Structure formats: C-alpha cells, structure tokens
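Novice: Residue-level listing of the chains:
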Amino acid sequence: MIYREAGDFKTSYRDDGQTFPIRLDRWGYYALLGVAFLVVPFVIDSYWANAVLVPFLIYAIAAIGLNILTGYAGQVSLGTGGFMAVGAYSVYKLMTAFPGVPIFVHILLAGAITAVVGMLFGLPSLRIKGFYLAVATLAAQFFLVWLFNKVPWFYNYSASGQINAPERTVFGWAVTGPATSAPAKYLTCLVFAVVLAWIARNLTRGMVGRKWMAIRDMDIAAEIIGVNPLTAKLSAFAVSSFFVGIAGALLFSVYLGAAEASEAFGINKSFLVLFMIIIGGLGSIFGSFAGAAFLVLLPVLLKNLLVVRLGWPTDLAAHLELMIVGGLIIFFLIVEPHGLARLWRLTKEKLRLWPFPH
Amino acid sequence: MIATPAAEFSTDKGATRPVLMDLKNITLRFGGVVAIKDISFDIREGEIRAIIGPNGAGKSSMLNVISGFYVPQQGEIWFEGQKRPPMKPYQVARLGLARTFQNIALFDGMSVLDNIMTGRLNKMKSSLFSQALWWGPAEREEVENRAQVEKIIDFLEIQNIRKTPVGRLPYGLKKRVELARALAAEPRILLLDEPMAGMNVEEKEDMCRFILDVNDEFGTTIVLIEHDMGVVMDLSDRVVVMDYGRKIGDGTPDEVRANPEVISAYLGVAHE
Amino acid sequence: MEFLYASEVLVNGLMAGVMYSLVALGFVLIYKASGVFNYAQGVMALFAAMTLVGIMEGRVPFAHLINAAFGVHVDRFGWTVPAIFGIALTALIMVGLAIAVEKLVLKHLVGQEPIILFMATIGLAWFLEGLGDVMWGADVKVLDVGLPQGISDSIETATNNWLGYGFFIDRLDIWATVIAAALVAALVGFSQYTKQGRAMRAVADDHQAALSVGISLRFIWIMVWSIAGFVALVAGIMWGTKSGVQFSLSLIALKALPVLMLGGFTSIPGAIVGGLIIGMGEKLFEYFIGPMVGGATENWFAYVLALLFLVFRPQGLFGERIIERV
Numbered sequence: 001m002i003y004r005e006a007g008d009f010k011t012s013y014r015d016d017g018q019t020f021p022i023r024l025d026r027w028g029y030y031a032l033l034g035v036a037f038l039v040v041p042f043v044i045d046s047y048w049a050n051a052v053l054v055p056f057l058i059y060a061i062a063a064i065g066l067n068i069l070t071g072y073a074g075q076v077s078l079g080t081g082g083f084m085a086v087g088a089y090s091v092y093k094l095m096t097a098f099p100g101v102p103i104f105v106h107i108l109l110a111g112a113i114t115a116v117v118g119m120l121f122g123l124p125s126l127r128i129k130g131f132y133l134a135v136a137t138l139a140a141q142f143f144l145v146w147l148f149n150k151v152p153w154f155y156n157y158s159a160s161g162q163i164n165a166p167e168r169t170v171f172g173w174a175v176t177g178p179a180t181s182a183p184a185k186y187l188t189c190l191v192f193a194v195v196l197a198w199i200a201r202n203l204t205r206g207m208v209g210r211k212w213m214a215i216r217d218m219d220i221a222a223e224i225i226g227v228n229p230l231t232a233k234l235s236a237f238a239v240s241s242f243f244v245g246i247a248g249a250l251l252f253s254v255y256l257g258a259a260e261a262s263e264a265f266g267i268n269k270s271f272l273v274l275f276m277i278i279i280g281g282l283g284s285i286f287g288s289f290a291g292a293a294f295l296v297l298l299p300v301l302l303k304n305l306l307v308v309r310l311g312w313p314t315d316l317a318a319h320l321e322l323m324i325v326g327g328l329i330i331f332f333l334i335v336e337p338h339g340l341a342r343l344w345r346l347t348k349e350k351l352r353l354w355p356f357p358h
Numbered sequence: 001m002i003a004t005p006a007a008e009f010s011t012d013k014g015a016t017r018p019v020l021m022d023l024k025n026i027t028l029r030f031g032g033v034v035a036i037k038d039i040s041f042d043i044r045e046g047e048i049r050a051i052i053g054p055n056g057a058g059k060s061s062m063l064n065v066i067s068g069f070y071v072p073q074q075g076e077i078w079f080e081g082q083k084r085p086p087m088k089p090y091q092v093a094r095l096g097l098a099r100t101f102q103n104i105a106l107f108d109g110m111s112v113l114d115n116i117m118t119g120r121l122n123k124m125k126s127s128l129f130s131q132a133l134w135w136g137p138a139e140r141e142e143v144e145n146r147a148q149v150e151k152i153i154d155f156l157e158i159q160n161i162r163k164t165p166v167g168r169l170p171y172g173l174k175k176r177v178e179l180a181r182a183l184a185a186e187p188r189i190l191l192l193d194e195p196m197a198g199m200n201v202e203e204k205e206d207m208c209r210f211i212l213d214v215n216d217e218f219g220t221t222i223v224l225i226e227h228d229m230g231v232v233m234d235l236s237d238r239v240v241v242m243d244y245g246r247k248i249g250d251g252t253p254d255e256v257r258a259n260p261e262v263i264s265a266y267l268g269v270a271h272e
Numbered sequence: 001m002e003f004l005y006a007s008e009v010l011v012n013g014l015m016a017g018v019m020y021s022l023v024a025l026g027f028v029l030i031y032k033a034s035g036v037f038n039y040a041q042g043v044m045a046l047f048a049a050m051t052l053v054g055i056m057e058g059r060v061p062f063a064h065l066i067n068a069a070f071g072v073h074v075d076r077f078g079w080t081v082p083a084i085f086g087i088a089l090t091a092l093i094m095v096g097l098a099i100a101v102e103k104l105v106l107k108h109l110v111g112q113e114p115i116i117l118f119m120a121t122i123g124l125a126w127f128l129e130g131l132g133d134v135m136w137g138a139d140v141k142v143l144d145v146g147l148p149q150g151i152s153d154s155i156e157t158a159t160n161n162w163l164g165y166g167f168f169i170d171r172l173d174i175w176a177t178v179i180a181a182a183l184v185a186a187l188v189g190f191s192q193y194t195k196q197g198r199a200m201r202a203v204a205d206d207h208q209a210a211l212s213v214g215i216s217l218r219f220i221w222i223m224v225w226s227i228a229g230f231v232a233l234v235a236g237i238m239w240g241t242k243s244g245v246q247f248s249l250s251l252i253a254l255k256a257l258p259v260l261m262l263g264g265f266t267s268i269p270g271a272i273v274g275g276l277i278i279g280m281g282e283k284l285f286e287y288f289i290g291p292m293v294g295g296a297t298e299n300w301f302a303y304v305l306a307l308l309f310l311v312f313r314p315q316g317l318f319g320e321r322i323i324e325r326v
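Protein chains in written order, with full-length UniProt numbering: chain A, 1 to 358; chain B, 1 to 272; chain C, 1 to 326.
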C-alpha cells in the first residue's frame with residue numbers, strides 16, 4: 001500500500017522513459033544520494049573508508065563497466081584485471097609526466113586510454129564468439145600484466161618495479177598520496193561512481209543500449225535489421241573499458257597508493273569483477289552496485305567472524321572464502337541467473353501488493 | 001475499381017507499377033550443394049510478391065540473398081534501377097529493407113517496446129556522447145521515435161503488452177511483435193518469411209488483415225514466403241514458384257495455378 | 001651448435017606440449033559429451049595432485065579446519081600409503097567428485113546457455129581451489145610416485161657421440177609422453193569401440209535424440225566427468241612431480257585453453273596437435289625473442305598465438321566450418 005505505482009500517471013513519453021518511473025523509488029534515491037554526499041563524509045572513519053566504502057565504490061564502477069560489455073552486449077571478458085592495470089599505469093604515467101594538470105583530468109584520460117586498448121582487444125570479437133572470445137580476452141589479461149611488469153618505462157624505472165601515487169590535490173584537499181584523508185578518498189570515488197552510473201543508465205536506456213542488447217540476444221538478427229556489429233561491439237568494448245580503466249586508476253591512485261601489476265591486477269581480479277556482476281545481476285546497473293557490495297562485504301564479515309571472533313588463522317579464512325564465493329556463484333547461476341537485482345525487483349513487486357496480497 | 005475482382009486488380013498492379021528490385025540470374029552454392037540455381041525475377045513497387053515451393057526449395061535462401069545475409073556466387077541484384085554492390089546485411093537494411101524470420105528472431109531479453117524501437121535504429125542519429133549525457137538531441141529523438149512506434153503498436157493492437165519482456169509472450173503475439181519491429185523501420189520492401197507458420201485460423205486471419213493493411217495504407221512492397229496456398233493465392237499480386245533451387249513458375253496466382261509444371265511439381269497433389 | 005641448441009629447446013617444448021595436450025584432452029571430453037566448457041579442469045588437476053600427496057603422506061584431511069575449530073593439533077595419521085593405492089584412492093575420489101558435480105551442479109543447469117555453464121565452472125574452480133587448500137593445506141607439496149626423474153644420461157651420451165652435442169632431456173618428460181600417448185590411445189579406443197563410448201558420442205551430438213533412444217544422460221555425464229577427473233589426475237601427477245604441487249599448477253593447466261582454441265573444442269587430434277604447437281611455439285619464442293623483451297613470455301604467448309590464429313580461422317585447426325542460418 002505504501003509502496004505503489006497506482007495514481008502515478010505518465011502523460012508524456014519523456015516521463016515514461018525516466019530512470020525511476022515510480023515516485024517512491026525516486027524519492028528513496030534522492031534521499032540516498034543526500035545521505036551519501038552530505039552525511040557520510042562527516043562521519044566516515046578510515047576503517048570504513050578503506051575496508052568497505054571506497055573499495056565498494058571502485059568495484060561498483062568496474063562492475064558497471066564489465067556489465068555493459070557482458071550483461072548488456074553479451075561479450076564475456078576475462079580481461080578486466082588487465083584493463084584495470086591499463087587505467088592504473090596510464091594515470092601513473094600522466095600524473096608523473098604532467099604534474100600541473102588536475103587529477104580528475106588524468107583519471108578521465110586514463111579511462112580514455114583504456115577505452116582505446118579495450119577496443120584493440122575487442123577487435124577479435126568480430127570474428128569469434130562466446131567462450132572462444134572469453135578465452136581470447138585472457139590474452140589481454142596475461143599480456144598486459146606481463147607488459148607492465150617487464151617494460152620499465154611503465155613504472156618509471158623504479159627499483160622495486162612498483163608504482164607509487166604522488167600527492168595531488170583538489171581544492172586544496174589531498175585526494176591521492178599517503179596524506180589523503182578518509183572523506184577525501186570516499187568523496188572522490190563517490191563522485192565518479194554516481195556520474196558514471198548515471199551515464200551508464202543513459203546509454204543503456206537509449207539506442208546504443210538497444211543495439212548492444214540486440215547483439216547479445218541474437219547477433220545475426222540484429223545485423224539483418226540494421227545493427228552494424230563492428231560499431232556496436234567496439235562501442236561496448238570502448239565504453240566498458242573506459243569505466244574499467246577509471247576504476248583501475250582510482251584503485252591505484254586513490255585507494256591503494258602503490259601497486260604492482262601482477263599482484264594488484266592479476267587474473268583473480270578479472271574473476272572477482274565477473275562474479276560481482278553474476279551475483280548482482282547481468283544487465284543491471286543496480287545489480288553492479290549490489291554485487292560489488294556483496295563481494296566487498298563478504299571477506300570483511302568472514303574476517304570479523306572467523307579471525308577476530310573465533311581466532312582462526314587468516315589463511316584458513318581466505319581458503320574458506322574461496323569455497324564460499326565459488327559455491328555462491330554456482331548457487332546464483334542455478335537459482336537466480338539474474339542475480340540480486342532480480343530478487344530486489346521481485347521484492348518490490350511483492351511490496352506493491354503488501355499488505356493485501358490478493 | 002471498387003467492384004474489380006481481386007485477381008484482376010492484382011494483375012493490373014503487377015504489370016503497371018515500376019520495378020523496385022530486380023534479381024538477375026542468382027546462383028547460390030554451399031560447398032557442393034546448389035541452393036539457388038540461376039533464378040531471375042523482379043519485385044514491383046507496392047505489390048505483394050509471394051515465393052512458394054516445397055520444403056528445401058530454396059525460398060528462405062532467396063530471402064537471405066535479398067537481405068544480404070548470403071552472398072550469391074553469381075547474379076546481380078538491382079535496386080531502384082541501380083546495381084547493388086556487395087553489401088553487409090546492416091547496409092542492406094539502410095537501403096530500406098526490413099524482414100521477419102521463419103523461426104522468430106526477437107530479442108528475448110528486451111521488452112516489446114524496446115524490440116520495436118530497435119526497428120527504428122537507422123532513424124536515430126544522435127551521437128554516443130549526447131546519449132551518454134541524455135541531453136537535447138538524444139532525448140528529443142527518443143521521444144519522437146517513441147511516438148512513431150506507438151502508432152505501430154496501435155496499428156497492430158499490442159498496446160497491452162508494450163512493457164512485457166518478449167520471452168514471456170505466446171507464439172502468435174511474438175510473430176506480431178516481429179512484424180511491428182520490421183514496420184517500425186518504415187521499409188521500402190518488407191520481407192516476410194512464413195508469417196503465418198504455426199498459427200491457428202483466427203491468428204492467420206488477423207495476420208492477413210495486417211499484411212493487406214500495411215500494403216494498402218503505407219504502400220509498402222511486400223515479399224512473402226508462405227506454405228498456406230489459400231493465403232498465398234488470396235493475398236499476393238504475383239507469385240514465384242521454386243522447386244529444388246530452380247524457378248518453375250512466375251505470374252499472377254491464376255497463371256501459376258494453371259502452369260502445368262507447377263501443378264506436377266507442387267500443386268498436383270493438392271488438386272486431386 | 002646454435003641449431004642443435006634450438007632443436008633441444010624444440011624437443012623440450014614438445015614434451016611440455018604433451019602435458020598441455022593431456023589437460024586439453026580433459027576439456028575436450030567434457031565439452032563433447034555435455035557441451036560444458038569446463039574451466040575447472042586445471043583446478044581439478046591441482047586438486048587431484050593435492051589429494052594424492054595428502055593420501056600418500058597420510059595427512060589428516062581438513063586438519064587445518066579441525067585444529068582451528070576444536071583447538072587440537074592433528075596433522076598426520078602417521079602412516080604412508082604406497083603410490084599405487086594412493087592413485088587408486090584418488091581416482092575413486094575423482095569419481096565421487098564427478099557424481100557430486102553432476103548431482104549438485106549440472107543437473108540443475110540443463111538447457112542453460114553454454115556461457116552460463118562456463119561461468120558455473122569458474123565458480124566450481126574457485127570452490128575446488130578453496131576445498132583443496134582447506135583439506136590439505138596450501139603449502140607447496142612434493143609429489144613422488146616413483147616416476148624416473150632427472151636428465152637422461154643415455155640420451156645425452158648417445159646424442160653427444162652422434163651429433164657432438166649432448167641433448168638434455170628429462171626422463172620424466174619421456175615417461176609423460178609415453179603415458180599420455182597410451183592414455184590417448186585408450187580413450188580413442190574407448191569412444192570408438194565400446195558401447196559406452198558410442199553412447200557418449202551420441203550424447204555429444206544431440207542430447208534429445210540420445211535421450212529418446214534410451215541413453216541415460218546422467219550416467220554418461222558422470223562417466224565423462226570421471227574420465228576427465230582421471231585425466232586430470234594423470235596430468236596432476238606429471239606436473240606435480242615436475243614442479244611441485246602448488247597453485248601455479250592450475251595456471252599452467254589453464255594453458256590448455258589456448259590449446260583448445262587452436263585445435264578446436266571438439267577434436268581429440270586437435271587437442272594433441274594444438275598442445276604440441278603451443279608447447280614448441282612458446283619455448284622457441286622465449287628462446288629467440290624472450291631475451292629481447294625481458295623474458296617470461298610463456299605467460300602470454302599461448303594466448304596471443306591462439307587469439308591471432310582465431311581471427312583468421314575462427315573454427316580452429318580441426319573444427320568444421322560453420323554455416324550460419326536464420
């Protein structure tokens with residue numbers, strides 16, 4: 001009764017196509033944004049920022065990116081880690097080469113560079129499909145990580161082979177480097193996450209999104225009704241890699257501060273982001289956030305429960321986490337291939353009728 | 001004009017209209033198998049042109065050649081008086097060809113509305129950038145095209161399923177949505193591959209009515225593959241008969257019906 | 001001399017290729033019979049090797065977990081098990097795993113899209129990796145089932161006398177090649193000449209049609225996963241003996257994927273030839289080009305080769321050309 005759409009009439013096609021067609025959803029969303037921007041920054045401490053909120057926002061961006069490619073355009077990629085590395089090393093090279101340019105510009109440029117690299121590795125998608133393509137994207141993963149490890153130019157010939165983020169400020173606040181405060185980290189990532197989610201939503205409700213979905217659902221029919229597979233697939237790779245690249249840039253520059261390619265951007269990172277969108281929901285932007293939240297929170301909870309409470313060794317907790325995540329993936333694929341997003345929608349449909357279910 | 005019997009009316013239509021598409025000596029092979037053997041026929045502006053023939057005669061392959069999905073080894077396709085260069089299917093779609101498929105090829109993960117909207121993809125030109133920010137042109141274009149799509153939804157009487165995911169629809173409605181998607185492109189030529197396969201009598205009657213209405217109201221040229229002889233003879237202005245990849249008859253329904261080769265190869269059994 | 005050294009590299013590459021072929025074979029078997037692209041094949045090899053070591057050394061399964069949960073200190077039973085019993089027992093466990101996978105995973109995913117099944121096997125891979133670690137611990141284990149190891153003296157002497165340059169070839173590699181060849185021959189014989197083999201091929205061709213003539217899909221799946229488990233065990237023994245049982249073993253096994261892309265997912269000869277090409281190719285590439293670009297090109301060479309190859313021949317070496325229809 002409280003959550004309802006009755007009486008909420010649309011009088012124009014513009015209203016009908018908006019992001020939250022139900023009034024209550026819209027209010028809830030504005031309220032959430034208000035809290036996120038106006039309340040959280042004042043109460044956040046470094047544990048919450050570093051363990052939960054900042055990684056959540058960064059992985060949400062990566063998950064949206066992969067969801068555009070896999071969930072919307074139907075091209076499975078196992079190269080997410082490699083593309084995040086491109087974002088990270090691009091932003092590092094840009095930051096050190098042009099210290100005077102604002103960091104936000106660098107992060108956006110890092111996304112753009114990743115988009116180009118993504119398109120390059122997306123070219124085979126024009127010839128090969130399904131898991132052939134999935135395996136082909138492994139080439140991107142292994143090659144890129146190797147490249148950043150072996151070519152000293154990328155890490156500015158540092159002795160350790162690591163890259164370290166120098167301090168950069170926005171309006172006098174440090175947003176990268178060791179002196180960055182928890183609220184600054186959080187707000188930087190929040191701004192990117194919100195704007196990018198909004199862009200993803202716009203793209204997926206418009207004609208580009210329909211072309212992607214047409215390719216996903218039936219590529220041959222899509223081409224015959226007029227979708228150019230070249231531009232549709234490459235645009236999906238480009239947009240997806242742009243998002244993933246920004247996530248990589250933020251992960252390195254704002255969150256980690258230092259990174260080494262094979263450790264921070266190995267193949268397990270690719271799987272982690274893939275699992276986020278499976279658990280969250282393929283083809284859903286809300287699902288990307290939900291999946292990211294789930295897989296960021298799970299290790300934190302397990303660690304609190306097993307290590308802190310029960311005093312079990314950390315490596316055992318890590319191994320159990322592998323089992324649990326693997327089991328959950330299978331569980332979700334069997335029970336609800338559309339993930340948390342679908343469960344959320346079903347809950348809302350039930351809520352619409354509650355408390356009078358008939 | 002008003003009292004003219006259907007057969008004479010269609011003869012008139014077929015003979016006088018200008019040729020829109022001309023297929024010359026098309027031959028299509030898959031490895032050693034010859035699917036289409038040296039077939040020529042033309043399609044005139046505004047007519048309903050049927051292709052009939054037994055299973056495996058090469059009808060669907062013919063449609064695939066027209067829509068650019070298969071590239072014939074020999075032969076030429078002329079469209080509006082110009083020879084069509086080798087093209088990808090999506091380029092052919094831009095020329096104004098739209099089609100439906102024998103085994104429904106809708107996008108199952110999308111709603112009915114989105115499926116039909118994809119039909120208008122060549123009408124929408126706003127850039128990736130303006131779509132990303134959803135400003136000015138992108139939004140305006142979306143609303144304008146939505147209005148066009150709503151007209152087609154009204155025309156085909158599928159208002160109530162607008163937002164339903166296509167995967168959930170029954171067979172007959174899916175066929176109708178597919179027609180709607182093809183119509184949304186405002187095609188010059190509409191290719192229909194067995195639009196009535198697997199339908200019951202009522203559904204077939206509905207579909208016939210829609211096809212005739214499309215032809216009448218929008219003046220769309222229609223190329224049709226169909227097995228139901230009654231439907232073909234009633235609907236079409238001219239008929240091509242194929243058998244084993246060859247053309248064995250071409251003309252008005254009455255001419256085809258009287259053609260001895262057609263009777264022996266195909267209709268013979270039905271006439272007994 | 002340069003040439004001779006290169007040919008030694010080539011021969012060693014061939015030997016490594018045999019190993020890749022062995023893992024690829026497991027993929028092909030499962031793919032042919034159930035249409036599942038089993039990403040977990042590599043982890044299955046790791047799991048099998050870990051289990052074998054655990055059994056042979058008399059380790060207490062889940063010792064880690066038991067210790068943490070009950071505050072005790074169990075580690076080993078105090079006995080050791082001969083290799084032959086260990087292998088038999090591990091093979092049984094792999095059959096049990098096949099049954100569990102069929103019952104808990106595959107049965108519920110019948111008729112799903114291949115890509116969903118693929119992702120489920122990625123989940124399975126994580127699960128098995130975690131399970132292996134929890135059961136037997138994540139330490140690097142030494143596996144010795146009595147296979148001869150070390151540089152073969154007789155070959156070195158023979159080639160030295162004959163060519164004036166002694167080839168260094170590991171005896172283990174020679175054994176691996178022999179065993180892999182025998183295994184392939186046995187599998188081909190099985191699928192061509194036995195009733196179960198014929199049923200397996202029927203299932204591979206068409207699930208529905210196979211069901212309609214009375215073939216039990218579930219039995220075939222369990223059988224195929226068991227065979228794949230056994231192949232994984234053999235691969236695990238070879239790799240494990242060579243470089244120790246540790247996580248990187250599953251990554252090496254991952255190289256079977258480009259092997260498959262090269263050879264085509266459905267072709268047993270393809271898996272073998274693909275494996276040999278990748279094995280030789282990456283060793284030669286590392287030998288000639290590696291020093292110029294900083295080495296460790298084996299990490300990606302196989303994938304990039306397969307990728308480039310696929311762009312020009314999407315169906316692989318032995319796959320059939322697909323005619324698309326609408």
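Worth double-checking, as some hints may not be accurate.
Said to hold, decoys possible - Label-pair ranges, simulated between beta-carbon atoms:
(1) C:E113 to A:G34: 35 to 43 Å
(2) C:V74 to A:P21: 43 to 51 Å
(3) B:K151 to C:I116: 31 to 39 Å
(4) C:F219 to B:P165: 54 to 62 Å
(5) A:V151 to B:S127: 44 to 52 Å
(6) C:F312 to A:V151: 21 to 29 Å
(7) B:K163 to C:H108: 47 to 55 Å
(8) B:E150 to C:G96: 55 to 63 Å
No lab work stands behind these hints: they were computed from the structure.
Keep in mind the model is a prediction, meaning the values are calculated, not measured.
Backbone N, C-alpha and C fix where the C-beta goes; we use that ideal spot for every residue, glycine too.
Novice: So, for every hint listed, does it hold in this structure?
Specialist: Going down the list of hints, with the structure as the test:
no. : hint                         : verdict
1   : C:E113 to A:G34: 35 to 43 Å  : holds, 41 Å
2   : C:V74 to A:P21: 43 to 51 Å   : violated, 60 Å
3   : B:K151 to C:I116: 31 to 39 Å : holds, 38 Å
4   : C:F219 to B:P165: 54 to 62 Å : violated, 37 Å
5   : A:V151 to B:S127: 44 to 52 Å : violated, 35 Å
6   : C:F312 to A:V151: 21 to 29 Å : holds, 27 Å
7   : B:K163 to C:H108: 47 to 55 Å : violated, 30 Å
8   : B:E150 to C:G96: 55 to 63 Å  : holds, 59 Å
In summary, the structure is inconsistent with hints 2, 4, 5 and 7 from the numbered list given earlier, while agreeing with the others.
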